[in-house]
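The hints should help you fit chain C onto chain B, whose structure is shown.
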Amino acid sequence: MSLVQLLGFGEQGWGTTLLLALLMTVVLTIAALAVGAVFGAMVAAAKLSRSRTLRILGDAYTTLFRGIPELLIIYLFYFGGSSVMTAVGHFFGADGFIGVPPFVVGALAIGLISGSYQAEVYRSAVLAVSRGEIEAARAIGMSTATLWRRVLIPQVIRFALPGIGNVWQLSLKDSALIAVTGLAELMRTSQVAAGSTHQYFTFYMVGGALYLVLTSLSNRVFDRAEARVGRSFRGTLARH
Amino acid sequence: MNIDFEFLGDTLSKLLAAVPTTLGLFFASLIVGGMLSLVIVAMRVSPNWALNRFARGYILVFRGSPLLIQMFLVYYGLGQFPAVRESFLWPLLRVPYVCAIVSLALCTAGYTAEIIRGGLQSVPHGQIEAALAVGMSRWTVLRRIIAPITLRYALPAYSTEAVLLVKSTALASLVTVWDVTGVAQQIIQRTYRTMEVFICAAAIYLVLNFIIVRALGMLEKKLSPHLRDRNATAATAPKKSSSVALKAATVPDSQHIDS
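Line order of the protein sequences matches chains B and C. Heads up, the working numbering is the position in the first sequence plus 204, with the first residue counted as 1. Heads up, the working numbering is the position in the second sequence plus 46, with the first residue counted as 1.
Just to be clear, a hint being listed does not mean it is correct.
Stated by the list, open to error - Reference listing, derived: stretches of chain C covered by chain B, where coverage requires no fewer than 3 residues with Cβ under 8 Å from a Cβ of chain B: (1) 110 to 123; (2) 220 to 234; (3) 240 to 253.
Note that these hints are calculated values from the structure, not bench results. Just so it is clear, the structure is predicted and the values come from calculations on it, not from any experiment. The beta carbon of each residue, even a glycine, is placed where N, CA and C say it ideally should be.
This is chain B alone, in the form it adopts within the complex:
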């Protein structure tokens, strides 16, 4: 079978399946990033707080999720979660193995990992906002909500965007590890296609190329977003 037939959209072609898997990867990474944003914001707040306990907890979170291999975390969530589900199921009279949905588990695992990196990004972004602006806002009587809405959030977004772009790339590549749970994302689909046609080189090359397309496109999108968000601050920051 020729290469075009193999990768095309005909009956024997894997083109459609691969593109759907690409979509699944993107959706999975978006979900993971969203989960990570929530946890990252919480941990960043904990790290910036005055309470020493909270700071230690925040540090523990980042140390754990940056130091333990992603694969182990996915194993914990998937097999551990499935064990818990099976035990709960047996308690209610069900039989056999009950697995947790791989998408949820994958998004949660990658989300928590990206959360630890995002916490660092948000923390340094908040610290980068000059104190003078916060003091001035307080001095003219802005409420905390208005302070956040008008002073902090716009600047934090601007400072955090390059870091979030990095975390997005990282999460995109980490999402390939969800393949071990059997979820039909790009890595797993490449694996299945390679295994069933024995054209390992072809399909892993195509999978890799598709990931490269994702990363290059993401880079462009983030570069445009950074340029747009920083458009009123040209001169010192946007030199490169």
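Relative to chain B, chain C alone:
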């Protein structure tokens, strides 16, 4: 919740037996990847257009795609070609351990090349110009000026990369290498005791990372003695030598004034 200590101890001993494999993967890919990254970064900063573009492409590919796909490509993909199977490299390339090292080295070379390039760009131009003006050959400039400064600037970023490399060795378990993660996964599949096994394996990796970060931190400190806090060293210096130094500094002056 009753913790089964016997199971925990048994698991821990099995996992510790797999640590040499993980360390072997780590050090082998560190060294090979390090040497390869020097080549790549030399190409990246070279004025030769072809070399430059190749290095850029290399870095783009190996930083833009997941390590897992690279590893599968090397392990499953290369074995597909009869040309590879009949070559002299085949006895090496069919071993999963070697494939994992090759793949890890190629990936870390891409990241390390970028880190070294960042360090290279931080070398102040004035120092290079001064060195050339004094008459140092290009090789001496590289050896005495560029390399030490680059190393100093690159070390903090490099320790992050080293930690990422330790975590990446866990992926070798997916190409049937029996490293810590591979053994842990096997125990989980046999006994379904995920939590205990996970805690043991995670603790091992955390300890490994801690040791590596500490080691690189000590190296960093050792390489920048001139940037350390001067007041601290002066306060702890023995009094005798400082008074002798003072005397030696003042006596000639007073003699000079007297005469």
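- Task: Check, residue by residue, whether the region 220 to 234 of chain C contains three or more positions whose beta-carbon lies closer than 8 Å to a beta-carbon of chain B, and give the verdict.
- Result: Coverage by chain B holds here, the residue count being 5 at a Cβ distance below 8 Å.
- Task: Report holds or violated for chain B covering the region 110 to 123 of chain C, Cβ cut-off 8 Å, minimum 3 residues.
- Result: holds (count 11)
- Three residues minimum, CB to CB under 8 Å: does the region 240 to 253 of chain C make the cut for coverage by chain B? Let me know. holds (count 7)
Going through the hint list in order, the structure satisfies each hint without exception.
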